[in-house]
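Generate the whole structure from the sequences, applying the supplied hints.
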Amino acid sequence: MSKSDPNAPKRLAIIASKGTLDWAYPPLILASAGAAMGWDVSIFHTFYGLTLLLKDIKAEVTPLGNPAMPMTMPFGPEGFQKIDWPIPTAVMATPGFNLMATTMMKKLFHDKGVASVPEMRAMCVEAGVNMIACQMTMSVFGFNKEDFIPECTVGGAGMFLDYAADAEVQLFI
Amino acid sequence: MTPATLQAEKIVDSSGDLCPTPILKLSKGIKEIQIGQVLKMIATDPGAEADMPAWARQTGNELLDSHKDGEKLIFYFKRAK
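Protein chains in written order, with this note's numbering: chain A, 5 to 177; chain B, 69 to 149.
Fair warning: there could be bad hints in the mix.
Over 10 Å on every C-beta distance to chain B, these chain A residues come out as not near it, computed from the model [to be verified]:
#	residue
1	N70
2	I91
3	A131
4	A161
Here are a few chain B residues that face chain A, going by a calculated C-beta distance under 7 Å [said to hold, decoys possible]:
#	residue
5	D85
6	L86
7	T89
8	L92
9	I103
10	G104
11	P121
12	W123
13	Q126
14	T127
15	N129
Derived list of chain A stretches under chain B, where covered just means 3 residues or more per stretch with a C-beta under 8 Å from a C-beta of chain B [said to hold, decoys possible]:
#	region
16	36-49
17	94-107
Simulated from the structure, these hints should not be mistaken for lab results. Note that the Cβ used here is the ideal one computed from N, Cα and C, for glycine as well.
Here is the structure:
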């Protein structure tokens, strides 16, 4: 049930505001899980979260300015894989470091049995999650609707709040 | 009911998958059986132990049995609607 209609399915309203590989996961995981529970789900993509709607997701991850990120190797013996390498900040700022960190994080997720971000998004779309692009940030950053997956709709704060007002679960990520 | 007496119409094996893939495969699988029929779900994700009963509560389908078989978690669901 949604709040105003006891016969309607439960609602989940998510704001996805970040576009890095690590932050791409939580909204897509929760949205797909909600849809799998038979809920009505919308994700409002705003600011850097908009990039999760691009046809080709380029999400990367960096340990720079993110000291809690474990720097472990996704290969080698078990003991080796548990070592959290102390990478100096200056090294993190060198060209190619983001790409390396991103490649390793993707491999780690894949090896552990987690679906990739494009796969997770495809599962959300297939399950009927309403993927909304924020019109204001599209205009600010110069994105066109054609840049995004065709399943996305475009809306604003009013549209999202109208939907979220009737949702049991509302999350800002 | 004990697992030995349960006849599953369909088996969904999500071994090796982590959250949320097991419940996505489960929700897909349950739609492929008829109301009243039973689905057997196999998972190795430790999180599935709590996620599977939660999915049943939210969707209204019935969790008939759950048990461990070595590394594997086994669940039997009856499609209720």
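How the hints compare with the structure:
Listed as outside the interface, A:N70 is consistent with that label: its C-beta sits roughly 22 Å from the nearest C-beta of chain B, beyond the 10 Å cut-off. Interface exclusion of A:I91 from chain B stands, the closest Cβ pair being 26 Å apart, more than 10 Å. The Cβ of A:A131 does not lie farther than 10 Å from every Cβ of chain B; its closest approach is about 8 Å, which violates its non-interface assignment. With a closest Cβ-Cβ approach of about 28 Å to chain B, A:A161 is found to remain outside the 10 Å limit, as its non-interface label requires.
The beta carbon of B:D85 comes within 5 Å of a beta carbon in chain A, closer than 7 Å, and the hint placing it at the interface holds. Below 7 Å, beta-carbon pairs count as interface contacts, and B:L86 has one with chain A at about 5 Å; its hint therefore holds. Satisfaction of the interface hint for B:T89 is found here, the shortest Cβ-Cβ separation to chain A being roughly 6 Å, below the 7 Å cut-off. Checking B:L92 against chain A by beta carbon gives a least distance of about 5 Å; that is within 7 Å, so the hint holds.
The closest approach between the C-beta of B:I103 and any C-beta of chain A is roughly 14 Å, which is over the 7 Å cut-off, so the hint fails. With its C-beta approaching chain A no nearer than about 18 Å, B:G104 sits outside the 7 Å limit, and its interface hint is violated. About 12 Å separates the beta-carbon of B:P121 from the nearest beta-carbon of chain A, more than 7 Å, and the hint is not met. A distance limit of 7 Å between C-beta atoms decides the matter here; for B:W123 the minimum to chain A is near 6 Å, and the interface restraint holds.
This hint holds: B:Q126 has a C-beta 4 Å from the nearest C-beta of chain A, less than the 7 Å allowed. With a cut of 7 Å, the hint placing B:T127 at the interface with chain A holds, because the nearest CB-to-CB distance is about 5 Å. Of the supplied interface hints, the one on B:N129 is violated, with its beta-carbon coming no nearer than about 9 Å to a beta-carbon of chain A, more than 7 Å. Given a C-beta distance limit of less than 8 Å, the hint that chain B covers the region 36-49 of chain A holds, as 7 residues qualify and 3 suffice.
A count of 0 residues in the region 94-107 of chain A with a Cβ less than 8 Å from any Cβ of chain B is obtained; the coverage claim is therefore unmet, three being the minimum.
In this structure, the hints that do not hold are numbers 3, 9, 10, 11, 15 and 17, in rising order.
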